[in-house]
Amino acid sequence: MSDLFKVSSNPHIRSKVTTNGIMLAVVIALMPAAGFGIYNFGPRALAVLLVTMGSTVLTEFLYGLYRKKMTITDLSAVVTGLLLALNLPVSIPLWMAALGGVFAILVVKMLFGGLGQNFCNPALAARCFLLISFPKAMTAFACDAYTGATPLAALKAGEQVNVLDMVIGRTAGTIGETSVIALAIGACFLILLGVIDLRIPGSYLVTFALFTGLFGGRGFDPAYLSAQLAGGGLMLGAFFMATDYVTRPITLRGQYIFGIILGLLTGIFRCFGPGAEGVSYAILLGNLLVPLIEKFTRPVAFGWQRGGKGREK
Numbered sequence: 202m203s204d205l206f207k208v209s210s211n212p213h214i215r216s217k218v219t220t221n222g223i224m225l226a227v228v229i230a231l232m233p234a235a236g237f238g239i240y241n242f243g244p245r246a247l248a249v250l251l252v253t254m255g256s257t258v259l260t261e262f263l264y265g266l267y268r269k270k271m272t273i274t275d276l277s278a279v280v281t282g283l284l285l286a287l288n289l290p291v292s293i294p295l296w297m298a299a300l301g302g303v304f305a306i307l308v309v310k311m312l313f314g315g316l317g318q319n320f321c322n323p324a325l326a327a328r329c330f331l332l333i334s335f336p337k338a339m340t341a342f343a344c345d346a347y348t349g350a351t352p353l354a355a356l357k358a359g360e361q362v363n364v365l366d367m368v369i370g371r372t373a374g375t376i377g378e379t380s381v382i383a384l385a386i387g388a389c390f391l392i393l394l395g396v397i398d399l400r401i402p403g404s405y406l407v408t409f410a411l412f413t414g415l416f417g418g419r420g421f422d423p424a425y426l427s428a429q430l431a432g433g434g435l436m437l438g439a440f441f442m443a444t445d446y447v448t449r450p451i452t453l454r455g456q457y458i459f460g461i462i463l464g465l466l467t468g469i470f471r472c473f474g475p476g477a478e479g480v481s482y483a484i485l486l487g488n489l490l491v492p493l494i495e496k497f498t499r500p501v502a503f504g505w506q507r508g509g510k511g512r513e514k
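At position 101 of the sequence shown the residue is numbered 302 (the numbering used here), and the sequence of numbers has no breaks.
Source of the hints: derived by calculation from the structure; they are not laboratory data.
Please note: incorrect hints may appear among the correct ones.
[Stated by the list, open to error] What follows is a set of in silico ranges between Cβ atoms, one per label pair, in the way DEER data are often shown: (1) 398 x 499: 18 to 26 Å; (2) 348 x 419: 25 to 33 Å; (3) 312 x 476: 26 to 34 Å; (4) 469 x 317: 28 to 36 Å; (5) 361 x 263: 43 to 51 Å; (6) 454 x 263: 22 to 30 Å.
For clarity, every value in this text was computed on a predicted model and none was experimentally measured.
Just so you know, even glycine gets a beta-carbon here, dropped at the ideal spot from N, CA and C.
Based on the sequences and whatever the hints tell you, model everything.
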């Protein structure tokens, strides 16, 4: 064979973007939300953050020792622990937070093959596991800083809420979901770096807003829609978890469909469900639909189209 040809395994086109770089960018983007959570809820929030990240990294390290394949250097375990902590109430017992970290890495991620093989977002799966196992602890948002109900719970009860406080973050809630400003700063950082785009978050938020306006019982009231968009884990989920590379569709049309499905599910859960939230379950159900979405949105091979009797050139 001629020396002009080099035969090697794919991929033949390589990028300078690495998993480590992407994960580091996500960690940096989450720092404003994490920092505000510590400022808003005090040192107890920092303890939850350290415990969840420590448990996820340690679990992956121990599993790597057992399998003789170390993967903790890709920083994905750090991202999982950080996202899990931001989805937890500050008052949760630390052993529950650690248990959630172990579940996220061991059950959802490593037992399915590790990074790139998990069928759903590990942090959200761990949050739902804790919510089902310990509902009282996971819905106890009273702390030294706030004693009232969360804004979404107040809306569900027909009460008025202060949207400005929700945007700034002066409300009860999980550690990382309260400040829209902090989350927006991190989201803009990821968009500018090209780590994420607006296909999924945009279609998600627009669909949710339309659904809530039609079926929320308040019409297209700007104050009500603003509170719904700013409340709960919607912004955190839309920009930082629905955009997860592993559990989102890879096709462009599929990503728009995925976002629309998430918006519809979240709207259904919030408008007709017994609880005030719904983002976590919406994203997890959407993750399960990703293979089906990709099946019907897979692009046709170049130069071919599907005809009535099979493929024709």
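Practice problem: If any of the earlier hints don't hold here, list their numbers in rising order. | Solution: 6
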